[in-house]
Amino acid sequence: MTQPAATVTPSPESEPPAPFAVRLGIAQRAGGAIVPIITALVAFVLGGLVVLGTGHDPVGAYRGIFDGSGINWLFHVPWDTNTIHLDAYNLSQTLLVTTTLILTGLAVAFPFRCGLFNIGGQGQYLVGLVVANWVGVSFAGWPTLPHVLLGIGAAALAGSVWAGIAGFLKATTGAHEVISTIMLNWIAVWGAEYLFGQGGPLQNTQNLSSPVSGQVVESARLPVFWGSPVLQGLDVGFFVALAMLVVFWIVLNRTTLGYQVRAVGYNPDAAAYGGINVKRNYFLTMAIAGMFAGLAGAVDMLGYLFQFGTLDVQTSQIGFLGIAVALLGRNTAIGTGLAAFLFGGLLYGTTRGLDPNVFDPSLAGNLTSMIQGLIVLFVGIDVVILYIWNARRKVRIAGRRSEAPA
Amino acid sequence: MTNLAARLEAPRRALSPGRIAAAGIVLGVAAFWSTIPPFTARTVVSPLLIGILAVAAGVWAISRGRRRVGWGAVASGALGIGLGILATRSSTGNLDTVFRADLIASMLVFATPLTFGALGGMVSERSGIVNVGLEGMMLMGAFWGVYVADKGGSWVLGLLGAMLAGALMALVHAIFAVHLRSDQIVSGMALNFLALGITGYFFAQLYHEQNIPAGVSTIPNVAIPGVKNWTFVGPAIGNLNLLIWIAILLVPVSYFVLFKTAIGLRLRACGEHPRAADTVGINVYAMRYGAVIVSGMLAALGGAFLSIGFGGGSFTENMTEGRGFIALAAMIFGNWRPFGAFGAALLFGFSTALAYRLPTYSGSAATLFQALPYVLTLIAVAGLIGRTVPPAADGKPYRKQ
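Line by line, the protein sequences are chains A and B.
For the record, in the first sequence the residue sitting at position 42 is 42 according to the numbering used here, with numbers rising by one throughout.
Throughout, the numbering used here is defined as the position within the second sequence, counted from one, plus 1000.
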């Protein structure tokens, strides 16, 4: 057996640490859909171990969450779309959460492809909520279509501007986008508290002692297509989210902007050398990300929330969940959609959808946070998977060389 | 941008813009001072006039190259005007309830968890590991601190339990950041979610969503015998929690360790140039593991202060409410230095303390005060106030050769 020649390509060990986006891109090609599935499975198993360790039945708990998410409706053939049935109703609610998560997920996924980490989805979402509420409460008497479009457009623009601040600072002063988006998140939280709070400009006019916003008027509400509007049915915002998945894919893969964004993501220096304006791309990427998150706020406010209180501002976490959605979805359109559905079912199935007799919702809600944390944690170690992958490939190449006749 | 750059390069003039700016900062304070006891001006003219003078001095200084103090003067003037106008619109009685000596005590109370967190973050980032998981480590400290104090019957055990919980979280962060070389921001955020889930889950499991029973052993206050009865100083610092004093003490200690000892030099070397540190025989991995674990313990102490210190033996879901992020902001604002971070923590603590007292006459303004730390930090990272310089290798995984 002859000694295999040294491989021409340098091993990953000798390379300097590449930016996260680059490593993610390579791992993406290496692992495909397998890595996220394994990641999610490991997180669910670990979560189940905690449930088991605290004296509950993990199988029953997950079964209850699954039933609560309404996904079991898909197995009832023939399907009955009447939301009088609990399963159908639960599924419509899961899809409602999925709508938001697709959009907040895209708000994280898009910048990732440009090498930027947008932690500010929550703040951009809140800004979208606030602006959509303002438009929805004011301009009463407008016809439905222009009113809804104005609300959605204004909220998307507001989210865009909010994220654009971070993009602008990154482009001009080099301020790290993670720090600036964290700060912008909290400024948005306290800003919303001020606006909706007692004496705030957007507080409701009926009950001045309750720190809740005004009600969005009928003309600004999105039409409900599945279920009853009174019982928080599924609104057309769902199609907005699906359309944005397509927009995301087209922009990223079929336009000059998307090419530039990806080029900057892989290597900003090489992109700049190739004539791409890196700073402009940083700004545009963040602005587009903010638009997705602002849209999430708009479809939530005009679709089913209609009003928002200061307490809701404090407890809202859905923008942060976008991070887990994007990372699990590997920052692709289809992946983000599927991950949003998974988390949508998990989120609804562990809260309102869950039968309290099966598993305590106060435990289940926190189980979601734990699984979310574990998934984000494990997705971060793709480099290990990449290492194993490379090691396997090296062995394979070496094997092929030794087989070849000398 | 060329404009800004030109300003940066502008030669220093002989008329010392720095002194003008310093005077502007004093004027800004004076603008506000004129409206509170003992002067108690009742018109908006005096704060406006003096405040505008302060802003002008600041702008003058900025345009002459002294950006750091200049912006300080602008901020001071603007704050002076805002607070001054608010003060003139309220009654004198309200003012006396807001601006009392125990405002200082309450500032220290709010600054303490931030100080622990900021110092913790600093230790970790000085070794080259970004720690955005401070919030989660703090939350773990808050819950496990009160749990151990409750079951073990002693606040000392509670503090140890909190530190252990924080250290375990930090250990996870260290393993992922150092050995697995995963993205440190991703794993830090993951820890925040994880801590939120773990503390919420076990709070529901162990206490069934009810409050922690009364009578949990809490960290005692330190009453300084002589000082306690002094006017002003007495109510301000005469009877503070033990952990507040420890936090204050930790500031010079961490300065000394970081900048005056061999181990501090090694730690900083790992954060600035790990390869060089490795070359001279420093174990970069061990250094980083140690730093991150110490960071987790410090953050957890800050959390324990919330539950068994100031909180008097209580816990609520997501108790830290973003204090870990303010601590991170304080660390950045303080330019990764102990005294800077402490100063920022005091400033942020003061703005929170004010926010809790202002509702006596203006609820909505009080809410906006809560946003002040984040706005100031945003301005700071944007490079408007001086320059924030993180350690050179901060956030970059290191691979041994």
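It is worth saying that the hints were derived from the structure and are not from the lab.
Hints may contain errors.
Chain B side only, calculated, beta carbon under 8 Å to chain A, not exhaustive [stated by the list, open to error]:
| hint | residue |
| --- | --- |
| 1 | V1186 |
| 2 | A1204 |
| 3 | T1218 |
| 4 | T1367 |
| 5 | T1377 |
Being a predicted model, the structure only gives us computed values, none of them experimental.
Glycine included, every Cβ here is placed at the ideal spot set by N, Cα and C.
Quick rundown of the hints versus the structure:
{"no.": "1", "hint": "V1186", "result": "4 Å, holds"}
{"no.": "2", "hint": "A1204", "result": "4 Å, holds"}
{"no.": "3", "hint": "T1218", "result": "26 Å, violated"}
{"no.": "4", "hint": "T1367", "result": "4 Å, holds"}
{"no.": "5", "hint": "T1377", "result": "5 Å, holds"}
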